[in-house]
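All letters in the sequence shown, in the order written, are residues 1 to 242 by full-length UniProt numbering.
For the record, the hints were derived by calculation from the structure and aren't laboratory data.
Nothing here was measured: the structure is a model prediction, and the numbers come from that model.
It is possible that some hints are incorrect.
Unchecked claim - With a straight-line Cα cutoff of 25 Å, these simulated SDA-like cross-link-like pairs (lysine to any residue) come out: (1) K196 x D152; (2) K193 x R225; (3) K83 x N107; (4) K121 x P194; (5) K196 x R134; (6) K29 x V42; (7) K38 x G126; (8) K220 x K196.
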Amino acid sequence: EAAGVAVNNSDLVYVYNRGEHPIIVFDSKGNFKTAWGKGTSVNPHGVAIDLDNNVYCVDAGDHTLKKFTSEGNLLLTIGTPGKSSGRMSGLPFSHPTHAAISPVNGNIFISDGYSNAAVHKFSPNGKHLLSWGRSGTDPGEFNTVHNISIDDQDWVYIADRENHRVQVFDSNGKYQSQWVNLAMASCIVMQSKPEKLFYVGEFFAGIRENPGGLGNWTGKRLGPRISVLNQTGNIIARIGNL
Numbered sequence: 001e002a003a004g005v006a007v008n009n010s011d012l013v014y015v016y017n018r019g020e021h022p023i024i025v026f027d028s029k030g031n032f033k034t035a036w037g038k039g040t041s042v043n044p045h046g047v048a049i050d051l052d053n054n055v056y057c058v059d060a061g062d063h064t065l066k067k068f069t070s071e072g073n074l075l076l077t078i079g080t081p082g083k084s085s086g087r088m089s090g091l092p093f094s095h096p097t098h099a100a101i102s103p104v105n106g107n108i109f110i111s112d113g114y115s116n117a118a119v120h121k122f123s124p125n126g127k128h129l130l131s132w133g134r135s136g137t138d139p140g141e142f143n144t145v146h147n148i149s150i151d152d153q154d155w156v157y158i159a160d161r162e163n164h165r166v167q168v169f170d171s172n173g174k175y176q177s178q179w180v181n182l183a184m185a186s187c188i189v190m191q192s193k194p195e196k197l198f199y200v201g202e203f204f205a206g207i208r209e210n211p212g213g214l215g216n217w218t219g220k221r222l223g224p225r226i227s228v229l230n231q232t233g234n235i236i237a238r239i240g241n242l
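Between the sequences and the hints, there should be enough to build the whole structure, so can you do that?
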């Protein structure tokens, strides 16, 4: 079961999965290269790669982020393995979901959304710098902080899944804007060239035919799909679920 995918600057594809070897590496044509990480993960969830090709694995079950070399040597652990900070504590971590690495200064941003409602910022060596967010629907509040991306201006983009939106912040957690008209925004990936675009993966947010029971889900234009947005949050294309 693949939980996350990231690509390094050599076009190698790192798949973070819930199998025996959490990281599986492929070339850009899908040919297997190597696998590593046995015994290092409990419940893999998100993976990111920095400009030096270091690999950051976010483990929702272990309440940690682990930084590895591209060959799988452990460099840094943030969080206490196996220990949650507590539900809605606002402190790192309680079932974290994903990470993004600043291309400006290497700071580490971690979304902490499965039993917390916060974003945490760390220095490259793992020093906790700040946290922001709480549960709710207002600007700056979250309902499942599920994914995170950061651009070359150090702006932070949060997939606020159960609030069906992407929220935009500066690198110090100051709210800037939100992008709506989305259905369970689950992941966000940025393209920087030839123009800055954002690809938002939307989970199915359908209507249940039998509320309270097992029933089937129905409805159109509610996902699953990918929405393509420009830097101001305007949707310029959609893939799937037409």
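Hint check results:
1. For the hint pairing K196 with D152, the CA-to-CA distance comes to about 10 Å; that is within 25 Å, so the pair holds.
2. A threshold of 25 Å between alpha carbons decides the hint, and for K193 with R225 the separation of about 22 Å falls inside it, so the pair holds.
3. With a CA separation close to 23 Å, the supplied pair K83 and N107 stays within the 25 Å bound.
4. For the given pair, K121 sits about 29 Å from P194 by alpha-carbon distance, which is inconsistent with the 25 Å threshold.
5. Straight-line distance between C-alpha atoms of K196 and R134 comes to about 29 Å, which puts the hinted pair past the 25 Å bound.
6. Proposed proximity of K29 and V42 is contradicted: the alpha carbons are some 29 Å apart, above 25 Å.
7. Between K38 and G126 the alpha-carbon distance is near 23 Å, which keeps this suggested pair within the 25 Å criterion.
8. For the proposed pair K220 and K196, the alpha carbon gap of about 29 Å is over 25 Å, so the pair is violated.
In the structure shown, a violation is registered for the earlier hints numbered 4, 5, 6, 8, in ascending order.
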